[in-house]
Amino acid sequence: MKKQHLNTIFYVGIIALAIAATGCNSYQRALKGADYEKKFEIALKLYNKKDYQKAYPLFEELVSVTRVTSKAEDVYYHYAWCNYYLDDLVSSSYHFEQFASMFPTSKRAEEAAYMAAYCYYLGSPAYSLDQTNSLKAIEQMQLFINRFPHSTRIQECNDLIDKLRAKLERKSFESGMLFFKTMDYKAAIISLKNTLKDYPLTGYKEEILFTILKANFLLAENSVQEKKSERYKLTLEAYSNFIDKFAVGKYAKEAATINAKANNRYQSLQTANTSFK
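Numbering (my numbering), first residue to last: 2 to 278.
Because the hints were derived from the structure by calculation, they are not lab data.
Just so it is clear, CB atoms sit at the ideal spot from N, CA and C, and this is done for glycine as well.
Don't take each hint at face value.
Unchecked claim - List time: in silico BS3-like cross-link candidates among lysine-lysine, alpha-carbon distance up to 27 Å:
1. Lys-262 x Lys-234
2. Lys-198 x Lys-251
3. Lys-206 x Lys-254
4. Lys-137 x Lys-164
5. Lys-182 x Lys-229
6. Lys-187 x Lys-234
7. Lys-251 x Lys-168
8. Lys-108 x Lys-51
9. Lys-254 x Lys-187
10. Lys-39 x Lys-108
11. Lys-187 x Lys-251
12. Lys-168 x Lys-187
13. Lys-72 x Lys-55
Claimed, not checked - Across the chosen pairs, the derived CB separations fall in these ranges:
14. Asn-49 x Ser-92: 20 to 26 Å
15. Asn-159 x Ser-27: 46 to 52 Å
16. Ser-129 x Pro-58: 33 to 39 Å
17. Ala-127 x Ala-73: 37 to 43 Å
18. Val-225 x Val-91: 48 to 54 Å
Generate the whole structure from the sequences, applying the supplied hints.
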């Protein structure tokens, strides 16, 4: 009885290997052959089985040979998704964008246009790195919203845009703060003012205005004599701008101290200049 059971397992194994070998041979024939109908059929089967690695080269070849045929849309759609499932975000965003452009009346055009933007979103790195993909994602999301204003994906697009803008805002803020930490006070002032200009509702406003005040003061402290008066005056103006918006806050006391020092130095310089004249 035990021997019969082992024989059964052996034959089942042989049959399974034979089926696998047949499938492998079928794939190789499709890959190397010129029967594009068969190639497309096998590519779809592999795609539906989520074997994107094998489906990809078949669809890649079919894209060029079916370009002016009725299968062009179906082939290119699956090819774009293969790129996505294989984690090639750069290629998938490009091909989804191309699909939406090449087949504007397709029922899949909206989905493809969204995916083009979404792939750029997924490729958006940490705020400290280059934000080209973030900017491209925002641009593509905006194009999608304009093109498909009644899409059910509009809210999701707006949410993603908000996340991307928050990342860009933080990068802008941190860049200005880095200038301050490295004692490049002039660059810090310019950079942080640009952050306020680009993101007027930023949650970093209190810290930005205080840092601009502090940077102006430290710049004045480290300036040559002939520039001190002007820069202390700018410090006093920066304090007025800060205290006007954050009279009560965690930086208010230190800001007042800086202002008092700047005012004393400014008044002393004014007195000295008057005496000299």
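Quiz item: Can you list which hints this structure breaks, lowest number first?
Solution: none
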